[in-house]
Amino acid sequence: DGAFQLEAVWDIVPGMPATFHAATTLQTSITMSTVQDSFAAPETMSFWQLPAFIRFSEQSGFSALPHKLYWYSLLASPWLLCAMVLIAAAFNLTANVRLAGWTQRGMAGLSVGFLLYFFTRFLYALGLSATLPLLLAAWAPALVASMLGLAYLFHREDG
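So the sequence shown is residues 169 to 327, counted in the numbering used here.
To be clear, the hints were calculated from the coordinates, so they are not data collected in a lab.
Just the calculated beta-carbon pair ranges, DEER-fashion:
#1 Leu-174 - Ser-231: 17 to 27 Å
#2 Gly-170 - Trp-216: 24 to 34 Å
#3 Arg-223 - Met-184: 26 to 36 Å
#4 Ser-197 - Pro-301: 25 to 35 Å
#5 Pro-219 - Asn-260: 30 to 40 Å
#6 Gln-195 - Gly-277: 57 to 67 Å
#7 Ser-228 - Val-177: 12 to 22 Å
#8 Met-184 - Arg-289: 47 to 57 Å
#9 Val-177 - Ser-231: 18 to 28 Å
#10 Arg-289 - Thr-196: 34 to 44 Å
#11 Phe-172 - Leu-316: 49 to 59 Å
Since this is a predicted model, take the numbers as computed values, not measurements.
Beta carbons: idealized from backbone N, C-alpha and C, even for Gly.
Produce the entire structure from the sequences given, and follow the hints as far as they go.
This is the structure in structure tokens:
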């Protein structure tokens, strides 16, 4: 309840000799439930609770990497949705005569959607492994997909 009971503790302070304590109490704001919550999946937490939990985890010394990446990806999800709409528009708003080639366009759209999903999950995994910065791992799929969708639409319209 707000404190750790430590036994057989050496207190080491720079510039002073080490002292031994048979038992000591260390005050803390860490509770058992917050430690258990730090091991929970980020998807189980509310969007509004994530920033406070991330701050608490970092102050406590726990890794908040999965929670930060999940929070950034939640922030990027509206832009990713807009990018998916642009990509869908690129495959469906083409000038064609009597809907010729709709199966090819449909299959191409499904393939690009799958590739976008794979690209998003791949960057998410790279972010979790700290290979990529978290912001890049969360925002790159939305930015790349929206740029590709806009470029294709501009090419088709101005073409």
